[in-house]
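> Let the sequences and hints guide you as you build the complete structure.
Number of protein chains: 2
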Amino acid sequence: MSEIELKKQEMKEYISRMEYVQSLLGLVHWDMRVNMPPKAVNFRGEVSGYLAGELYKMTTSEKVKEFIDYFLPIDDLDDITKATVRKIKKEYDKTVKIPEKMYTDFVNLISVAESVWEEAKAKNDYGLFKPYLKQIIDYNKQFADIYGYKNKRYDALLDDYEMGMTEEELDRIFNPLKEVLINLIKKLNERGDKPKDHILKGKYPVEAQNQFAKIIAKKLGYDLESGRIDTSAHPFTIELGPSDIRITTRYDEENFISGLLSNIHEMGHAIYEQNISRDLRGTMLMTGASMGIHESQSRFYENIIGRSREFWKHVYPDISTLFPSLKKLSVDEIYQAVNSIKPSLIRVDADEITYSLHIIIRYEMEKMMIDEDVDVDELPSIWNKKYKDYLGVEPSNNSEGILQDVHWSGGSIGYFPSYALGNIYGAQILNTMLKQMPDFYERIENGDFLSIKNWLSDNIHKHGSIYTPSELIEKVSGEKLNPEYFIKRCEKIVEEKLK
Amino acid sequence: MSEIELKKQEMKEYISRMEYVQSLLGLVHWDMRVNMPPKAVNFRGEVSGYLAGELYKMTTSEKVKEFIDYFLPIDDLDDITKATVRKIKKEYDKTVKIPEKMYTDFVNLISVAESVWEEAKAKNDYGLFKPYLKQIIDYNKQFADIYGYKNKRYDALLDDYEMGMTEEELDRIFNPLKEVLINLIKKLNERGDKPKDHILKGKYPVEAQNQFAKIIAKKLGYDLESGRIDTSAHPFTIELGPSDIRITTRYDEENFISGLLSNIHEMGHAIYEQNISRDLRGTMLMTGASMGIHESQSRFYENIIGRSREFWKHVYPDISTLFPSLKKLSVDEIYQAVNSIKPSLIRVDADEITYSLHIIIRYEMEKMMIDEDVDVDELPSIWNKKYKDYLGVEPSNNSEGILQDVHWSGGSIGYFPSYALGNIYGAQILNTMLKQMPDFYERIENGDFLSIKNWLSDNIHKHGSIYTPSELIEKVSGEKLNPEYFIKRCEKIVEEKLK
Chain A
1 MSEIELKKQE MKEYISRMEY VQSLLGLVHW DMRVNMPPKA VNFRGEVSGY
51 LAGELYKMTT SEKVKEFIDY FLPIDDLDDI TKATVRKIKK EYDKTVKIPE
101 KMYTDFVNLI SVAESVWEEA KAKNDYGLFK PYLKQIIDYN KQFADIYGYK
151 NKRYDALLDD YEMGMTEEEL DRIFNPLKEV LINLIKKLNE RGDKPKDHIL
201 KGKYPVEAQN QFAKIIAKKL GYDLESGRID TSAHPFTIEL GPSDIRITTR
251 YDEENFISGL LSNIHEMGHA IYEQNISRDL RGTMLMTGAS MGIHESQSRF
301 YENIIGRSRE FWKHVYPDIS TLFPSLKKLS VDEIYQAVNS IKPSLIRVDA
351 DEITYSLHII IRYEMEKMMI DEDVDVDELP SIWNKKYKDY LGVEPSNNSE
401 GILQDVHWSG GSIGYFPSYA LGNIYGAQIL NTMLKQMPDF YERIENGDFL
451 SIKNWLSDNI HKHGSIYTPS ELIEKVSGEK LNPEYFIKRC EKIVEEKLK
Chain B
1 MSEIELKKQE MKEYISRMEY VQSLLGLVHW DMRVNMPPKA VNFRGEVSGY
51 LAGELYKMTT SEKVKEFIDY FLPIDDLDDI TKATVRKIKK EYDKTVKIPE
101 KMYTDFVNLI SVAESVWEEA KAKNDYGLFK PYLKQIIDYN KQFADIYGYK
151 NKRYDALLDD YEMGMTEEEL DRIFNPLKEV LINLIKKLNE RGDKPKDHIL
201 KGKYPVEAQN QFAKIIAKKL GYDLESGRID TSAHPFTIEL GPSDIRITTR
251 YDEENFISGL LSNIHEMGHA IYEQNISRDL RGTMLMTGAS MGIHESQSRF
301 YENIIGRSRE FWKHVYPDIS TLFPSLKKLS VDEIYQAVNS IKPSLIRVDA
351 DEITYSLHII IRYEMEKMMI DEDVDVDELP SIWNKKYKDY LGVEPSNNSE
401 GILQDVHWSG GSIGYFPSYA LGNIYGAQIL NTMLKQMPDF YERIENGDFL
451 SIKNWLSDNI HKHGSIYTPS ELIEKVSGEK LNPEYFIKRC EKIVEEKLK
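Residue numbers (UniProt numbering), protein chains in the order written: chain A, 1 to 499; chain B, 1 to 499.
Each hint should be verified, as a subset may be incorrect.
Each pair may be met inside one copy or between any two copies, as identical chains are not told apart.
[What the hints assert, rightly or not] Listed below are the simulated BS3-like cross-link pairs for lysine-lysine, each with C-alpha atoms no more than 25 Å apart in a straight line:
| # | residue 1 | residue 2 |
| --- | --- | --- |
| 1 | Lys12 | Lys39 |
| 2 | Lys63 | Lys101 |
| 3 | Lys101 | Lys57 |
| 4 | Lys12 | Lys101 |
| 5 | Lys12 | Lys462 |
| 6 | Lys328 | Lys480 |
| 7 | Lys342 | Lys7 |
| 8 | Lys57 | Lys12 |
| 9 | Lys39 | Lys214 |
Calculated directly from the structure, the hints in this document are not laboratory data.
Since the model is a prediction, treat every value here as computed from it, not as a measurement.
So this is what it looks like as structure tokens:
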């Protein structure tokens, strides 16, 4: 083996050990959210902190610097090694600036904060969570200042989830989208569109819902021999290893749509992770290209597939067997109900049109948290006011308001925009796909989901994070990120409603 | 702080980090047995291997040697520090002799072997498991040779589970017990005792059995806010942290006794772990005194409490409400059925009299595996012959024979004797307890299990492993380990049957 091949091998072994620690952090987190007995929370926080400290040491070691210094000057590196070095350099540069104690303190904090948030949400007690949120905001500000930024402090956080993204760019994309969506909702309200989702209200035993999730997993191609479905307060997907991609959901006994679409959403994430090339083990690239691209896959499955008329035609026989009360409804009635447009309070239950406004509210709040000195006491009323202004609805308590989502309690500020970006990437990907696979909707109706999965895997999944999100979307669609496809999709959906 | 106090503090912090790694190893193992998707097994094996390697490094580091060298010459150390130093020295001396690669290879092997064993048992295919068992035996022989021993190679392995125990000592205890038990069974057979357990055969939904397990947990004092009950192929108890002690069980829909007694057994282990003094964090002493003492607690709960007439008087109202078919039986009929004595093939379902013979068979086989060069091909027929000779029953396949137990696949050879020692310790502890708490059985009948738990916690649990097992039993009972109490108990049980 040549010297360079030996060095690559050495780097691969080093990164494999980092992947073991990441897998352990994942398992610790998954277990906390799904299984852990309540009194175990403090010790578990210490264990997380220990692991995070180990990962910190591995990320910032002399060895990593040695790999970077060795490979960086080499011009004709293969794509994968080049991407690996870019990634470890980015992590190194950022992490080495954060003192280890600050980092492990933060990890300890958020591992407790998530459980406090869960309790606060259950008890509708913002006061319980407030001091944790304040600390999380302060840490994020400090991190941003340490990372550095050109224009806005918030840019430094965005970059963690969507490489190269800025507030300026997001404003450029989100501001027109916000105007369009507020107008579309206004139009619907004026013309008096009546949401029909109440017809689905019924009794759907959790056990049967879970059984249906497994049927859907099989159809869509989410491999349950490399994954599993559990319940947790907030649904999530987590990668614990190349063949261990787990999702969680929460079921509502009166409404099966919420749990089903949430499951399909998470399966979109999980299918992405399950289909990244195994050759990328030990390269740091066995993850999605960005959070926005990741959300494009989950929302592709949830909205483009899961809310299509053809999907409901296909699953009608199965689901009406499992839930016989559905037999009194036609496919079209169910389809209309699933696609009801109704401004509501809960993001994860939102329809495709109002959803992005839920995100834009959070985005605007995050900018205030990070760029300005907003008082945590004021956050609930700011939240409520924005909901009233943009969506015309107002939370009656903090559990359905500021305490709604897990993200901030998990330490993530800057993640939310990914969801709306996911919608935009998704519509653009669909536009390309329809050119190459004009019978896309027929395939859905025939249950041929696997050919769709294969297209997505070949064009997106398998590459892991070899490419940056902007490289990837250009490679897939031939052009830069373009919000027009999603805006057109929204307009078309509303137009159809108004017919 | 004085220099010695600072050094103690430093050692505590060091050991705390080892405890984090042990907790992670526990979580990885628990997850493998309870949740992990099947295709994840290989990567998970690598993760286990990584953790084991970290623990190896921590156990054999220069730092540990420094602690030992510092504290060992100090005469007036407190009990806890003295015990800590004894323990880290023992681990250090043993582990430093094992090459790191050999150790991590072994951990990798057993993490795969357990899953292979599970499959082999399900498919009744000894051939599948055989090459793994051969390797596990070979590793154990090598370990024993490296650790060193005075008389028998097997002694070196026994010492891992029961400090200071030897084959000679076990022969001295087990040989007379074996004779007594074989004779008692003969007597029962001659006088024609008819086991009455068939009257309990029925339909017991898993959900209801699980619900009853939670009722029993509450009664006995197994805190489910610091624990949980799941299902797995082989029941076990695992400590993932000071407030995270989980048990697993397996339920039989036709027979609730098997799952119930298994649950009570594991709760005995879990109550032990939950009641070790929290002050022992960071000392390596937050574990049971030995495996034999641990089994004494689980079998105390299972047999002395769970098979007593008073226990069944107490739980009759609850259990006959949950399983109404039991209403046609009297408490005495259930009690007799639960205490049926019948030589059988499955250790975990065995009654109190025949149980120790199941252990003695395994003990004799382990001696052959380690002291002699027995061919793994011959193990199934040796197993079957011993069952025929001692218990008069013969397995019809390897799943209920040589493949029955998880222990060997988990790498443990030398563990089995602990179960029989547990019976012997347990009877001796009961003898002391009855002197101090003459109304012991009345308390059970009244459901006052917590005072019994408190006695055990005060006398045994809270000490963790500050004392060696022989120190502890002498401290509790005022004498050395004495098998006569258990032999008398067995004779009395059989006498009662023959009345």
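> For each hint, tell me whether it holds in the structure or not.
Hints, one by one, checked against the model:
no., hint, in the structure
1, Lys12 x Lys39, "between (39 Å within a copy, 22 Å between copies)"
2, Lys63 x Lys101, "both (21 Å within a copy, 22 Å between copies)"
3, Lys101 x Lys57, "both (11 Å within a copy, 23 Å between copies)"
4, Lys12 x Lys101, "between (28 Å within a copy, 19 Å between copies)"
5, Lys12 x Lys462, "within (19 Å within a copy, 46 Å between copies)"
6, Lys328 x Lys480, "neither (46 Å within a copy, 76 Å between copies)"
7, Lys342 x Lys7, "neither (57 Å within a copy, 65 Å between copies)"
8, Lys57 x Lys12, "both (17 Å within a copy, 21 Å between copies)"
9, Lys39 x Lys214, "between (32 Å within a copy, 17 Å between copies)"
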